[in-house]
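Engineer: What follows is each chain in one-letter form.
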Amino acid sequence: MKTIKVLGSGCSKCIQTAEKIKKAADGMGIAVEVNKETDAETIMNYGVMRTPAVVIDEALVHSGSVPAEADIRSWLAE
Amino acid sequence: MFEIFTLFADWVVYDLFGLVRQEKLGDALHFFIEDTTKIFVLLFVMIYFIALVRASLDVERIRNFLAGKHRATGYVLGAGFGAITPFCSCSSIPVFLGFTSAGIPVGITMAFLLTSPLINEVAVLLLVSLLGWEFTLLYVIAGVTVGIFGGFFLDQIRAERWLQPFAAKAYQKAKGKEALAFGQQTAAVLSMRERHQFAKGETMEIIGRVWKWVFLGVGLGAAMHGFVPQGWLEEHLGDGQWWSVPAAVLLGIPLYSNATGVIPVMESLLVNGLPVGTTLAFCMSTVAASFPEFILLKQVMQWKLLATLFLMLLVSFTLVGWILNLTYLIK
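As you go down the protein sequences, you meet chains Z and A in turn. Yeah, the first sequence ends on 78 if you go by UniProt numbering, and it's all consecutive. Yeah, the second sequence ends on 331 if you go by UniProt numbering, and it's all consecutive.
Since the hints were made in silico from the structure, they are not lab data. Treat the hints loosely; a few may be bogus.
As the list claims (entries may be wrong) - Computed Cβ-Cβ distance ranges for the label pairs, DEER-style:
| # | chain 1 | residue 1 | chain 2 | residue 2 | range |
| --- | --- | --- | --- | --- | --- |
| 1 | A | VAL315 | Z | GLU58 | 40 to 50 Å |
| 2 | Z | ARG73 | A | VAL315 | 44 to 54 Å |
| 3 | A | VAL53 | Z | SER12 | 25 to 35 Å |
| 4 | Z | SER74 | A | PHE215 | 31 to 41 Å |
| 5 | Z | GLN16 | A | LEU16 | 32 to 42 Å |
| 6 | A | LEU7 | Z | VAL61 | 43 to 53 Å |
| 7 | A | TRP211 | Z | ALA31 | 33 to 43 Å |
| 8 | Z | ALA68 | A | THR73 | 46 to 56 Å |
| 9 | A | GLY201 | Z | VAL61 | 41 to 51 Å |
| 10 | A | TYR328 | Z | LYS36 | 42 to 52 Å |
| 11 | A | TRP242 | Z | GLN16 | 41 to 51 Å |
| 12 | A | THR327 | Z | GLU58 | 31 to 41 Å |
| 13 | Z | MET1 | A | PHE49 | 40 to 50 Å |
| 14 | Z | GLN16 | A | LYS200 | 14 to 24 Å |
Just so it is clear, CB atoms sit at the ideal spot from N, CA and C, and this is done for glycine as well.
Could you put together the complete structure from these sequences and hints?
Structural biologist: Spelled out as structure tokens, the structure:
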């Protein structure tokens with residue numbers, strides 16, 4: 001099971017990102033746990049300056065926008 | 001070049017709706033149609049082309065570039081980059097922390113963050129098309145100056161003392177290392193297709209974010225245009241009475257808008273005879289000093305610093321207004 005964190009201050013794009021990932025994972029039949037991380041200090045520690053950002057199993061894979069469907073699928077497939 | 005929008009508004013208002021020139025409703029509607037069409041066409045075209053050029057410029061690169069710069073150059077560069085880099089206000093906290101944890105002094109970071117909402121391509125575009133070059137230049141200079149001096153002042157009072165403890169710690173830790181870890185990244189080379197993708201995304205995103213403000217701002221401007229009695233503002237505030245500037249700044253605080261929404265209102269204020277300095281002070285205060293944003297900054301700053309910052313902004317906008325009123329009214 002993959003642990004996925006969506007980093008961001010809670011703006012609408014972060015919510016969109018989290019939902020998009022959940023939907024993609026459901027579609028692919030992969031078990032994931034998606035959490036939204038809003039704490040400024042935590043976001044800083046990942047070195048992220050542009051939100052929303054996506055962290056999968058502690059590795060930062062994306063930052064600065066709602067990710068594209070294709071990108072999400074390729075991360076989940078790994 | 002912009003005449004076509006006037007002609008279009010003429011046609012809609014006077015021919016299509018059959019309204020009479022020089023009447024309140026006709027005037028207001030004309031202003032509204034001319035400005036909204038002009039603004040949206042310009043937004044689509046200009047944001048796209050500016051974004052094409054700007055595609056490879058992002059906050060990470062700016063941070064790497066600013067890290068380890070001499071302070072004096074840092075303020076100027078910070079404010080300059082703030083002017084050309086737009087970012088969503090929901091990113092200001094991560095950007096602040098990203099800069100701070102790279103050892104960039106608070107003053108330089110704030111020069112960047114203060115200038116950013118004041119000046120951006122959309123604002124400049126609107127200013128040029130609605131108010132002309134001279135006023136645009138004045139606005140840009142005023143914005144950058146506030147950023148530079150604001151940043152300098154914050155470092156003078158050692159503002160980093162009043163960061164939240166975790167941010168202060170990150171700053172101290174990075175200062176020892178002198179930005180060695182950063183600045184070695186090579187810039188990604190972007191293909192034309194990637195630039196187009198980026199520019200398309202930016203255009204949609206920015207317009208999606210500002211369209212409401214355009215309507216609201218132009219609507220307000222139009223209402224004032226048609227319905228504030230001609231000469232009323234000029235008669236009461238036209239001499240740049242000294243108290244009118246701080247009053248305008250205070251009035252701007254609870255009014256929260258971004259630059260896109262406030263510029264059409266500026267146009268109306270100026271046309272109605274409000275002095276340049278007073279107008280500018282009002283607008284800067286509306287755009288840059290707002291409570292919601294300050295509450296956000298609480299996550300990284302202690303109250304003392306927040307209050308200082310707020311006061312500093314109010315004082316500097318007032319000064320800008322006074323100076324401009326003096327220069328313009330003497331002229």
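Engineer: If a hint holds in the structure, say so; if it doesn't, say that too.
Structural biologist: Each hint tested on the structure:
1. VAL315(A) / GLU58(Z): 40 to 50 Å: Check passed, 46 Å falls within 40 to 50 Å.
2. ARG73(Z) / VAL315(A): 44 to 54 Å: Given about 53 Å between the Cβ atoms, the range holds.
3. VAL53(A) / SER12(Z): 25 to 35 Å: holds, 28 Å
4. SER74(Z) / PHE215(A): 31 to 41 Å: The hinted range 31 to 41 Å holds for SER74(Z) and PHE215(A), with Cβ atoms some 40 Å apart.
5. GLN16(Z) / LEU16(A): 32 to 42 Å: holds, 40 Å
6. LEU7(A) / VAL61(Z): 43 to 53 Å: holds, 52 Å
7. TRP211(A) / ALA31(Z): 33 to 43 Å: Cβ of TRP211(A) to Cβ of ALA31(Z): about 40 Å, so the range 33 to 43 Å holds.
8. ALA68(Z) / THR73(A): 46 to 56 Å: Taking Cβ atoms as reference, ALA68(Z) and THR73(A) lie about 38 Å apart, which means the hint is violated.
9. GLY201(A) / VAL61(Z): 41 to 51 Å: violated, 18 Å
10. TYR328(A) / LYS36(Z): 42 to 52 Å: Taking Cβ atoms as reference, TYR328(A) and LYS36(Z) lie about 50 Å apart, which means the hint holds.
11. TRP242(A) / GLN16(Z): 41 to 51 Å: holds, 49 Å
12. THR327(A) / GLU58(Z): 31 to 41 Å: violated, 57 Å
13. MET1(Z) / PHE49(A): 40 to 50 Å: holds, 46 Å
14. GLN16(Z) / LYS200(A): 14 to 24 Å: Cβ of GLN16(Z) to Cβ of LYS200(A): about 18 Å, so the range 14 to 24 Å holds.
Checked against the numbered hints given earlier, the structure breaks hints 8, 9, 12 and satisfies all the rest.
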